[in-house]
Amino acid sequence: MVKEVERAGIPVVHICTVTPISMTVGANRIVPAIAIPYPLGNPTKSMEEEKQIRRKILLRSLEALSMEVSEQTIFEMK
Amino acid sequence: MSKLKVIHYINQFYAGIGGEEKADIKPELREGAVGPGAAFTAAFGDKAQITHTIICGDSYFNENLEKAKKEILGFVKKVKPDLFIAGPAFNAGRYGVACGTICDLVQSELGIPVITGMYRENPGAEMFKNSVYIVETNNSAVDMRNAVPKMAKLGLKIVKKEPIGASIEDGYLPNGVRVNFFDTDRGSKRAVDMLVKKLAGKPFTTEYPMPDFEKVPPNKAIKDMSKVTVALVTSGGIVPYGNPDHIESSSASKYGEYDITGVMDLTESTYETAHGGYDPVYANQDADRVLPVDVLREFEKEGKIGKLHHKFYTTTGNGTSTKSSKAFAKEFAQKLLYDKVGAVILTST
Amino acid sequence: MNLKLGYIQIRDIQFAKTSAIKDGVLNVNAKELEALVLEDENFASVKFDIARPGESVRIMPVKDVIEPRVKVSGDGDIFPGMISKVQTVGSGVTHVLKGAAIVTTGQVVGFQEGIIDMTGLGAEYTPFSKTLNLVVDFTPIKNLTPHKYEESLRKAGLRIAYEIGKLGKEITPDEVKEYEFLPLLESIAKYPNLPKVGYVQMLQSQGLLHDTYVYGIDMKLSLTTMLSPTEVFDGAILSGNCVSACDKNTTYHHQNNPVIEDLFEQHGKTLNFCAMIITNENVFLMDKQRSSDWTAKLTKYLGLDGAIISQEGFGNPDTDLIMNCKKVEEAGVKTVIITDEYAGREGTSQSLADADPAADAVVTGGNANQVITLPPLKKIIGSIGHVEKIAGGFKGNMAKDGSITVEIQAIIGATNELGFNRLSAR
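Residue numbers (the working numbering), protein chains in the order written: chain H, 1 to 78; chain G, 1 to 349; chain U, 1 to 426.
Hints listed in this document are in silico derivations from the structure and should not be mistaken for laboratory results. The model shown is predicted, which means the values in this text are computed figures rather than measured ones. You may find that some hints are simply not true.
[Stated by the list, open to error] In silico contact screen, one side only, chain H against chain U (beta carbon under 10 Å); selected entries:
id	residue
1	Val18
2	Ile21
3	Met23
4	Ala35
5	Tyr38
Note that CB positions come from ideal geometry on N, CA and C, so glycine has one too.
Excised from the complex, chain H in its bound form (with noise of 0.2 Å):
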């Protein structure tokens, strides 16, 4: 899906915690996430914990839309 949308002329960050797939598939922006059964979360945490995680990747994400990118690459979280 990721590909479709970027030909169509929109950036798009992909946030996936596989990340090799990610690259197979040919994202170009790629934010890794946490787990498969809740990239953007964890369960083992507080709630405002959690939304703090989330904050940090999506966060993440929009710095991978501002930055120009020739090749995939992956935005490793700081």
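Assemble chains G and U onto chain H, guided by the hints.
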């Protein structure tokens, strides 16, 4: 039952007209079988009959492509056969390309079933194996007696619209369509046999050749996120509670488009996942863990993004073919463009 | 380790007053088993039924299939760490009630359990249409969480299989097979000229409902490790799986792991089967990287020449498979991988979620998306309620006459990635 009517396409060499020096002869329509046509007649028995043969020089065909195509198509239109066969071309390059080209044309223009045969390294094979059935032959005409019965059998199957078996069963070149079949040995034994061969440095054939994945160049970065409408897309199967469009838990045949105007947070009672490939408990408890509407609403308020698009797109990635998901995305990407969405956040589980 | 498997051929299963095996007929006292099951307070009720090959019976939703076995001599006991205490198994004598199976049904997640048809087209795709099945249909108490229900269901099935297996302890088997697995150095000394071959088995470990247990430990918590293949025959590896039916390994598949059987078949002839490695398929990328690193490290350390790598499940585990394959090949060990495909209903799509040129020797269990229509059958054991939602099903897939159109994904064991079946694709 009357016999099916078959046209056979061959080159100047197999028609017995001559070799390279006669390769420039123009297309000609003859009644009855010529050359290898006799072998086909035998293979068809009482089921089908070659009523006409088209003969064309290989050089003529390739050098006067548009003219040759028109002339040959004209012959076929006139005869209206039930089946069109070409070759087999073995490893003859120009002949193979001619067989593939004309079969592809007859099939797509006239809707007449076609069959050809050639060696896997024939350039015509690479060009046409995904559009027409090409029976795999050896690299020389010595293989004629094996190739002809296979072509005849598969050709009749296609005419009668019988289910086509896997390439290895029906003897055609793999055409990108994966077909199941019951092999002689169980998988574990096939694996052990393959490993023994691989270890001994002997040739072995993989049952699934690895594909090449094509890449799309990245789009330009966004200069000012605070002015952009951002849309959420997910393959994690988040849907309104109750899954109103019945998106399948696996092998989804559709995607969902849902309005989130005024939705600030996804809750256990309003959203869930339809995805069957991962433990759904966490996504059902709080779908924001997959589709982060809550935080993006905050970003909207804080001016970090211009706007969160009022619709999100969703499907289940689980077992859903790449081809379907590609088709879904192609469709909703156009909707996103129409709605002036400037960026997409796509989440996967 | 030396293990003798004594196969007692079971010809029929009957309900009876006394549980016993007589002339190859397995007599079962259902009341006793019911009492055993209901010791677990999570069950409200339980029903027993028998499904034989060729009968017009559809069993769904199937949770697990288990083969009754009993330890006659040697250390430890069947299903160590789960039903019996933890002690190393895999040596001595074990009896197998061949041809019989315990099939548990119950709706844990709804869409992640599968179908077994005893006759018709569907029967061709599942190995359990050929076994005599004692089917146990559970009803849980209200409001039981899926995770607790899965655990109760898993243990109940194993306990029943364990109890029934015991009936074979004193019976003289019809056939005995002997398996010998030597310490690495001895094995190499014994077969100095044969290539050293290992088996890397990947175990589903995606989360609470997609898990595999080894000696009672949840495999997602384990590092890649090793064991003797004979231990697997004694139930060291167990399914705790609720995932697409076609390519999850039931406990029966583990007990009869065909890769192990076929490697033993060639052992001492064309190869030296001298190692078995088990690894997991976790949901965190870090785990995937660590586990595949470990797999490659072990194959290299053991000095293997070749390895068969089998996958379980599909989707993100395709990445674990490709990582394992690539890293093991980079370690200089030649690989053959066993997987299955999701090439779409038309068969024209990409079969795997991941790919790499290193995976040049692939065995496939077939395309799980192939659509088939199962004929109406006279008797349903379990319930047909979730047939639209089952993985491989779709809205409106049940016709008025009771026939069901599904992808073979919905059929138990249809595209098994241990290579249990003859099904393949090209």
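Violated constraints from the hint list, given by number and in increasing order: Every hint satisfied by this model.
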